[in-house]
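2 protein chains.
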Amino acid sequence: MKKFVNDPKQFVPEMLEGLALANPDTLTYDPAFNLILRADAPVKDKVAILQGSGSGHEPAHVMAVGRGMLDGACPGDVFAAPPMDYVLEATRRLATDAGVIYIVNNYTGDRMAFEMAQELAEAEGIRVRTVLVNDDVAVKDSTYTVGRRGVAGNFFVIKAMGAAAEKGADIDEVVRVGEHVNSVTRSMGLALTSCTPPAKGSPIFDLGEDEAELGVGIHGEPGRERVRVPSAGAIVRELGEAIISDLPFQKGDRVAVMINGLGGTPVSELYLLYGLVHKDLQARGITVERNYIGEYCTSLDMVGASLTLVRLDDEISELLAAPAEVPIRVF
Amino acid sequence: MKKFVNDPKQFVPEMLEGLALANPDTLTYDPAFNLILRADAPVKDKVAILQGSGSGHEPAHVMAVGRGMLDGACPGDVFAAPPMDYVLEATRRLATDAGVIYIVNNYTGDRMAFEMAQELAEAEGIRVRTVLVNDDVAVKDSTYTVGRRGVAGNFFVIKAMGAAAEKGADIDEVVRVGEHVNSVTRSMGLALTSCTPPAKGSPIFDLGEDEAELGVGIHGEPGRERVRVPSAGAIVRELGEAIISDLPFQKGDRVAVMINGLGGTPVSELYLLYGLVHKDLQARGITVERNYIGEYCTSLDMVGASLTLVRLDDEISELLAAPAEVPIRVF
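Quick note, the sequences are listed as chains A and B, same order. In the numbering used here, each residue's number is its place in the first sequence (first place is 1) plus 755. In the numbering used here, each residue's number is its place in the second sequence (first place is 1) plus 755.
Just so you know, the hints here were simulated from the structure itself, not pulled from any lab data. Please note that a few of the clues may not be correct.
For identical chains, the list gives no copy identity; a pair is met inside one copy or between any two copies.
Stated by the list, open to error - Calculated pairs, DSS-like style, for lysine-lysine (alpha carbon to alpha carbon, straight line, at most 27 Å):
1. Lys1034 - Lys757
2. Lys955 - Lys764
3. Lys1034 - Lys764
4. Lys764 - Lys1006
Isolated chain A, as found in the complex (with noise of 0.2 Å):
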């Protein structure tokens, strides 16, 4: 196995302690419940938001925890929804009387946990709404999702809550935002290669020297076809077609466009996809006002992509450009 990893089993803990040295003025750790919280947590008076998910998908979600995004995460192991009992602990460590929003990428494991601990921390008091993203266009039901997964527009999602809640809206507003953005956010992905947990230390599934998969999932569940390895100039028509037909996208739109690295494509390749989906979308009547290049939510090291389209109307804008302090890319 080709990675930088020691004890497979503490590659989740050695990696949340990592980001927390690196970021000892913004982010706690707390080794107990797995959980990164932001460092001045609970916020007084502010709605908290806490999301939680398989590890793996790294930027996603423990470096979007900080001031403007993410109050805390609970992460799982690599690619397991978290304990019940750590989103609770979480849900307990984040409460204010403002109360405390969940964003669930829809998986059935992590809506469970995360029902779960709604209903436990409900039952002490706290006040606890769910905001569920399902942008990929890919497939309608997935290995381990009923209806559409969530994937990388996630992070639009948690960009334009956090900044609504560090703003002082209410925990309904908050959850109006979410919804709204996830309503008019659309994304699917294109893998080159497999990715293999630490754990396990062989890849999740094969796929051909001269194969890749369209729709693929970022656990690596199946798309809508296994295809020979197409130019870059025909996944970015691919993808654009499933995404833009979807919503639909429309001449005069104005959108946020998102290339999300899948963990092992260069940086380069990212931005020659840039230049295609803009220049596509510019065909098409379509202004692109805002763009995200880079590793968003990942799935290890597998070598893929994904597009993710954001229908933008002012409110969404100005939420997107709002500060924030995280160890990534925001604005």
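Following the hints, position chain B against chain A.
The following block gives chain B in isolation, referenced to the frame of chain A:
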């Protein structure tokens, strides 16, 4: 070949076009000479800073162009020095009365192109100085180098010189800053895989399933030793010891630490490495004041990482903390 690419010969221009389209307010791209320049260049009365080298190391150096960093970059093709006339043209575009400084990573091809361009530019009346970067402690001479190679530590030289120039320092002073930072910066890397240039379509060297190259160069040049894949802890000890003993870094020193991904390494693993480095330095009585974790100088899709340490003093600390406006993380 598993890459996001159209015609491999157009890899660099398509990537540069994407970069320019993503940064319309801050960057301009001239396809005739492969140039990425600050949109407001030449900046009156300011010393201009130019770097060029082979492509394939992104975000170095084209994504380090902007206010407070480089005024321009003149990349060559993948792993190939820029043509001398591209360097000369870039020099003309950036030239002000305050002069132009070349930052040249120590590779024979790059040095030749920049030395010839400097002669011709000076003949045209442009004031030019050169700062060499040679931070890689792995080997004395190398495949394309007499003397030490310049690798990821280059980022710190750019950042400090860019900040000094932005504050109005004159050409001698900005050169002094660059040479000072280079003199206290040391790096070394390790590769777990080779890398594949788009136009070649196959790996540039062979590395067995259980092998790693300790001290690898960013063009896949041999390092110190071919080893069995070490644990993350062993890697940190090897790289740390080589770097620390070289300057040497000593108890009581304050440092900036960079964990640089070589292109195909997940950010989770880089943070895991950072945690180990941080604790190792702490145990040695060396204080980490600034950290940089991510991709700064890559080798296409190579799975690997490098460690860079910079010995800080108040001057360097202040320059590293100065504002900058480029597509990569600089703080």
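Which hints from the list above does the structure break, by number from lowest to highest? Checked against the structure, the only hint that fails is number 4, while the rest are satisfied.
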